Every structure is written in structure tokens, then in C-alpha cells.
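Colleague: Listed here are the chains, written in short residue letters.
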Amino acid sequence: MTYKEKVALRKAFNDIPGTYVLTPEHSQKGYGLNMFCMSLNKEENRAKFRENEAEYLKGYKLTDEQRDAILSRDYLRCLQLGGNIYYVFKIAIFDRRSMQYVGGKMSGVTEEEFRDMMLSGGRSIIGNRSKEEKNG
Amino acid sequence: MAKIVGGIGCSHVPAVGAASDFGKTKDSYWTPLFDALPKARKWINDLRPDVVILVYNDHASAFSLELIPTFAIGTADLFKPADEGYGPRDVPDVKGHSALAWHIAESCILDEFDLTIANHMDVDHGCTVPLTVFFDQPEEWPVKVIPLCVNVIQFPPPTANRCFNLGQAIQRAVESFPEDLRVVVAGTGGMSHQLQGERAGVVNTEFDLTYLDNLIDNNEVNRKMSHLEFIREAGSEGIEMVMWQIMRGSLDDQVEEKFRKYHVASSNTAFGIICLENKTV
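Quick note, the sequences are listed as chains A and B, same order.
Per this note's numbering, the very first residue in the first sequence carries number 1; after that it's consecutive.
Per this note's numbering, the very first residue in the second sequence carries number 1001; after that it's consecutive.
Heads up, some of the hints might be wrong.
In silico DSSO-like cross-links for lysine-lysine, where the CA-CA straight-line distance does not exceed 30 Å [claimed, not checked]:
#: 1; chain 1: A; residue 1: K42; chain 2: B; residue 2: K1024
#: 2; chain 1: B; residue 1: K1224; chain 2: A; residue 2: K131
#: 3; chain 1: B; residue 1: K1224; chain 2: A; residue 2: K6
What the hints contain is simulated information worked out from the structure, not anything from laboratory work.
These numbers were taken from a predicted model, which means no experiment stands behind them.
Here chain A stands alone, though its shape is the one from the complex (with noise of 0.2 Å):
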């Protein structure tokens, strides 16, 4: 793949209308967000991080942006700050909270509400497939 061939992909991607691939730049840019997340994965750590979050938090390279999207939950801006949602998600299980409220928190609905659009079908791709003919 040619380098002006990767640029053009990268503009295909952001055509998609709400959707962050994890491409090496945004990988680069949530690198230290995306490991915090990872060290959910042990207990000790969960511990650590349930007694005093932001301190455990120091213990990572985080943007100020970044922590402060962590401490509020607000995962969409996680998101938009270089995570990948299997890592973010491991906050929302250490919350215990499900991946439809997660869903329907980043798509701006109840938890019950995308519960009950995943349940008449899902979210259309008619309409979701580019920024065009969505706003078109």
C-alpha cells in the first residue's frame, strides 16, 4: 500500500458517520489511556484503582483531557481521545455496567432504549454508512 493510498482509506474511514478505528495514529495518541484500561484486567489493580482513582491514575501517561474523560465516564470521549472500545469497556465492567448502557451512553439514549433498538432489529446501516447521506 502506497502512502496515498493509506491517506485516502483514512478519509473512507472518517466518512463513517460515529466510528473511531483504532488506526496506528489514533493507537499512537491513546496508547497510555488504552494500557490504564488493560491493568483493569488484574484485581490488585481494580483494588488499587477503586481506593483512590485519580492517584492510581498518576501511574499512567495520560493527557489532562484524557483523565478527566476516564473519572467522568464519558466514553465517547475516550474514544475520540485514542481509546478502542474493548479497552474502554473495561472501565464500564469495573463500574459494572453492560455493554448496552455503554452503547446507548455513547449514542446519547437510556440503556433501556438501545436495549429495545437492538431488539427491533438494531441501528439501520440505511442512512449510517457515510457522513454524506447522513446529513444528506
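Since chain A is already given, all that's left is putting chain B on it; use the hints.
Modeller: Same frame as chain A, now just chain B:
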């Protein structure tokens, strides 16, 4: 000689494992899916498999952004269920088949598919949920399992075509192994779903059903599909369906469909399972 006796494509939704673990399979939310499974389980049982090569992706459990193998094959004799943040799933340990796994690794690498060799790897829901789907709740899993992990989280994952070709190399490796083993290859993940962002919850039933149909007699379309098309049409996590191509590649050109179930939705995901066998001439 070892022989590939069947292929399975199957979603690995964590909530399906949780429904089984916490006794919810008779709840009305879950019966449309779980009531369909006995038929698939019977087909698998009747195949009398000794080994399942289970293709899945790790979800920030054994691997993190620290180290991202595109393909990693588990060569150990034992794999423990991973702690994904809830504590490990209360399911049996996964027993490996070290000799066959090492043979596949050696054969594929010399066949120019450079697999990463994992002698220690905890297995997450990607591996253990399909085992629940196939085998329900036994004391011990009734087969040995060779976990084959594929990176589909960090872009770029391998292409669908690369996965298909790896499947063919796995078929060559397995079918040259001298022990009489009956092997099933399972490609897991999908179907259409997007967990993240404002577009979370996307499902594309038309895409999924076409993908299933094409697995049988028009798989060229599936294997040539670009990452962009998977992500746009089937959701950012729908790209997991590239892993089904490893399963499809490990079968012959001509296959027969033995079972299929498609259900929307399991948690945030369109659930699909399809069981295939090589067509007998």
C-alpha cells in the same frame, strides 16, 4: 491421518456465555437463540471431533497494545480462562493439542505464513463462548482445542483473503499429520455489530445473510472484501468476520450447509452460526 471433518462459523458474544453461566438460557430474551442450539450441538457431537482449531480474537486479555501478533497459535497443553475484568469465566480449562499445534506452526511457517507461537496464553470469551455454544456446560470440554488468535482490533487486521489462504495452509498441515484425528475448524466473531461510538448498535441483516449464503457457493466475494467494506457495512466490530475465512479456507471448494441460525440481537450483536462439511463426491 488427521482429517478436517467440519467447519463452523460462529459469533462469540460475551453475553451468550453469561446467559449460560448464570442460568438465563430459558429467559424469553435468550430462548430464540438457545432453543436452536441442540440441533447444532447434535451435528457437532455426531462428527466425533477430537480437536477443534478455534480461530478467534483476543479482546485485550492475553495481548494488549504492547504486543500485537497478527496470528498467534496456542501450542500449550492447557489454557486458562482469562480475567477480562469480571474475574475469569467459571468454565473448564481449555486443553490443547500441543503436537498438532506445533506441527501446524511449523508447517504453516515453512509454507510462508509466519504464525506467532504462544506457549502461554489465557483465553478470553472469544475462545470460551463458542465452546459453550458447541458443547453446552460439560464438566470438561469434550475436545482438545488449538486456539488461533487473530488481531482484528488494531488496524490493519489481516485481509479476508490472507485469512482464507492461511486456512488452506492449515488444511494442508492438518491433513498431513499422521495421527488419526478428527478436526473441526471454527472461525468465530461477528456477525454485523458495532460496539463503539455514536453509530453503536448497527446491524446489517442483508449483509450478514449474503455473507452466509456466499460462504457456500460464492465465497470469492467474501474473501475479496475490503476492510473498509466490512467496517462500513457490518460495523467496526463486524470486521471480525475475516476470521471466518480461515475456517472456509480449511475446507474444500465444495461444501454443504448442515445447520444455520441467525438471530438479532444478542446483546449488541447479530448472532450467526453456520455448520459446514466438505461435499462428498
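Colleague: Evaluate each hint against the coordinates.
Modeller: Against the structure, the hints:
With a CA separation close to 27 Å, the supplied pair K42(A) and K1024(B) stays within the 30 Å bound. Restraint check for K1224(B) and K131(A): satisfied, since their Cα atoms lie roughly 25 Å apart, inside the 30 Å limit. Restraint check for K1224(B) and K6(A): satisfied, since their Cα atoms lie roughly 18 Å apart, inside the 30 Å limit.
Checked against the numbered hints above, the structure breaks none of them.
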